[in-house]
Amino acid sequence: MDVNEIRQDFWVLANSSLAYLDNAASSLKPKPVIDMINHYYRDLGVNIHRGVYRLSYEATDLYEKARQKVADFINCKFEEVVFTRGASSALNLVASSLGMNEIKAGDEIITSELEHHSSMLPWQNVARIKKAKLVYVPLNEEKKITVENFKKVLSDKTKIVALNYVSNAMGYITPIKEIINLAHEKGAIVIVDAAQAVPHQSVDVKALDCDFLAFSGHKMCGPTGIGVLYGKYEFLQSMEPIEFGGDMIDYVGLQEVTYKDAPYKFETGTPLIAGAIGLGGAIDYLLNIGFDFIVKQEEELRTYLLKEMKKLSDITIYNPTTETGIIAFNINGVHPHDAASVFDEDDVAIRAGHHCAQPLMHCLNQIATIRASLYFYNNKADIDKLIKAIKKAKSFFAQFM
Amino acid sequence: MDVNEIRQDFWVLANSSLAYLDNAASSLKPKPVIDMINHYYRDLGVNIHRGVYRLSYEATDLYEKARQKVADFINCKFEEVVFTRGASSALNLVASSLGMNEIKAGDEIITSELEHHSSMLPWQNVARIKKAKLVYVPLNEEKKITVENFKKVLSDKTKIVALNYVSNAMGYITPIKEIINLAHEKGAIVIVDAAQAVPHQSVDVKALDCDFLAFSGHKMCGPTGIGVLYGKYEFLQSMEPIEFGGDMIDYVGLQEVTYKDAPYKFETGTPLIAGAIGLGGAIDYLLNIGFDFIVKQEEELRTYLLKEMKKLSDITIYNPTTETGIIAFNINGVHPHDAASVFDEDDVAIRAGHHCAQPLMHCLNQIATIRASLYFYNNKADIDKLIKAIKKAKSFFAQFM
Amino acid sequence: MSYGNLETLYRQVIMDHYKNPRNKGLKSGEDYYQVHLKNPTCGDDLTLQIKVKNNYITEVHHDGSGCSISMSAASVMSETIMGLKIEDAKKIIDNYLHMVKGEAYDAEIDMGDAIVYQGVSQFPARFKCATIAWNALDKVLEKHKVPDEK
Amino acid sequence: MSYGNLETLYRQVIMDHYKNPRNKGLKSGEDYYQVHLKNPTCGDDLTLQIKVKNNYITEVHHDGSGCSISMSAASVMSETIMGLKIEDAKKIIDNYLHMVKGEAYDAEIDMGDAIVYQGVSQFPARFKCATIAWNALDKVLEKHKVPDEK
Ligand SMILES: Cc1ncc(COP(=O)(O)O)c(C=O)c1O
Ligand SMILES: Cc1ncc(COP(=O)(O)O)c(C=O)c1O
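Protein chains in written order, with my numbering: chain A, 1 to 401; chain B, 1001 to 1401; chain C, 2001 to 2150; chain D, 3001 to 3150.
Selected chain D positions facing chain B (Cβ under 7 Å, derived; list incomplete):
1. Pro3040
2. Pro3124
3. Ala3125
The set of hints was computed from the structure by calculation and includes no laboratory data. Built from N, CA and C at the ideal position, the CB exists for glycine as well.
Next comes chain A alone, as it looks inside the complex (with noise of 0.2 Å):
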């Protein structure tokens, strides 16, 4: 594989100067992706499951076809692969429905504050209103959850156990698998919030033995507004649907109804066919690509910025033993809004804010950082470009000092 080749199916990368290094925040859609939406847009447009006729039924192919491409990249049964909106739609939707019905008052969930806001909010709402408790997995000094921390917070109250497996503002990667073993122990069920993982890392649902697990298709080259909730079978079976409509049922009576199995009774009216559609494409990119190439290219990328990052002064690293592709920084005495900006004149395309992790911030004692993520397509010129112009939002605002 080669990066400079890769980079022709972007059609930014090939026709800018852009570097673009805000991949956790979604990444670049390349063209066998369009592709596969404008063939459904164009060849089709057409609503599916419910057609009797041919264009129907092929749209219909395809985004079952999806549904099965997403059942073995994660390794999943195809019934267990619920279309979402996004990620933060799933990861709502197990606590709409598990959450709501299954918590008690002083049933304990546990999260972190290292979580993004839809991993953690959702349980902060069923707690609030369940008067279960939230629990905050105590973070080490480097802000990472850890084994050992999580064991000191894990109960027999314990019900729910939601984190992250990579950290969107640190990039850490969560010890999960220990955490489910530990959990299920204790009888917990455990929901991954998996959308930093899944577009850069290869992950089996059935090794993790997690619950749940959700991740979007807008960070992995696939398009907006779809996402994936995994779930165990019996879980989902066993579960209320939260959206009543049209194709989640079977029987509709006047005072009452009856459910189609899951996955469809939580697919609520016409579903997200080009979503799905273009979310398969996707997959097959990624699958072309490799998770080995992916995985090597943003390690060696990681490896050179933070050792160019090093050697400037006045930057405060938040995360020099980042896991994955996201460090977090700031320019010392420079509010990171400001900072962007020149990144921006300098066609840096970068991540200044709360990165939807406010609690973190809060732990950091910082309003905002500079958040610089990789994904494969990205090239040491992209690293350069990057520290250059950190460099000279250095050296202007040092004139106003």
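Since chain A is already given, all that's left is putting chains B, C and D with the ligands on it; use the hints.
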């Protein structure tokens, strides 16, 4: 406007001999809309709202301009437009938030047997859980909702009225304006399912004075996976969000949270970026065609279709007084599903089924009906193909009688 | 008038079984294995009952409503599998599914009248109709874990 | 080293107001009109207090945290509107918003140092930063329905 020119915008119409008559399920998508979607995926492809670089700003701008287009289109304020996954999600949002929080035991909710499942089932669920009473407007002998009959069920106990604007199974136009006035006199809140209205006629929420109104993009030349909930701002502001996480929050603490104002508190996680932008494109496209033309074209074709169908024997038309481009019928003695295969062979795309309206099928005493549904890009040749296919189905199955 | 492909789908045999279904109507009694399948999107609804003795299928009954393809297929299936060893019935299910999907199938296996559903492979939208009865058979054998011969 | 466009955004005046904000810090007392605005996506947080006498703005105080553009703009704004008639302050708000959006604006209206935010029009991503203080002013005038002169 010339239909044959319009048909060039739709790849399937321009390049095949298909008579596409399943528009109530989903419309085809024209090139300008697909171009908009491509523009986002190809030239931008990044996340919105949180980016401080140009691509992100451009994408945010397109996304929010689409919201303004929707607002202008249905005549409401910018902040009264909530983007959802579709009409089903929009209707569920109102039931889950306002319904679950405001409805008490003994309250009455009015709906009808003419509803799409997505209009009625969210309230059936609220009624079941809250022990409220779900009341059905009696349909008249044509299966229409009338003001007369609505008055029979409206009472001081009525808290919610959830009705369609145009029936997807029968094509009737509900006298919704009078119903809204009467409901408001009793202090009831009216939710209008306009999924079949907005694509086909000019809709003005201020003139209607409805409290909520929902529709989907994919039925109006827009993308899948996008819909709109309109709500009067004071209702939206007072309602609880139903999904929690990224992008919808203001301040996040470990045990408490404050939300953004509407509409953002209802748009959790990465938004339906391509969907919203594509919907904006669809609105531009429809406005350019013009509702005068759309209404006239559908009316002419409907009149022609009904005239031709009435010449045929052994056909039952269930809605001879249909007011829109939706015609429901059966070929006597032929299962609708069997008939549909004949249509498919003859390149006529049509729907056979319960049309997500099982209660109506029970009223009609049918398992299913055949539904032909028109849009502005259909022409007389499409109708002729349908008539020919009906004749063929009749004679084909007559062999076996 | 030529009806082209339609005639490969709607064979005389099929329409005959539709009009005059064999083994239609359910029995009461505890010694039946029973399964009820629906295809909510098109309204097909099928209940299947079988009785098994010494690994042989000795009775088949079905009831329900739906289109000519789904209803006739239930009737044809009931005749095809009657008296068969479970093992052999399972082979036919498999072979039949391959055939209607348009995949390679074993022409040596005797499927009786079920062979006429070959034409379905050209009508993918009707695949569910042609298979609901056979899926019901698969489920009924699986659901009750009818002992299979070694 | 040339910083190009950046120098039109970060003018010396702006950075001076950022380092040495005027009128920063809130007062207690009931006769202040107050409003608190946030931009949760980038963490800007601003509280604005004004006192009005006979339709004249007689005091302006602000406090909060954020980037140089948002914080300096609050300081510049506080100086610009001090002592003005409400009517005239409103005209400036309007004019300022047009200017930073890159739309046509009235160059005749005296906006004091606020004119240096012209460069923002080339940085649309910073539009929110440059306007939070002015939006707060708009809100505080509107919220408390400060009587406008006829
Ligand atoms: C009248 C009516 N309401 C609601 C819906 C649901 O729309 P969607 O499937 O896009 O959520 C439909 C479309 O099927 C409809 O026709
Ligand atoms: C770790 C993590 N979880 C959840 C999400 C939410 O994903 P989405 O915004 O696609 O719903 C994100 C992305 O922002 C994330 O990084």
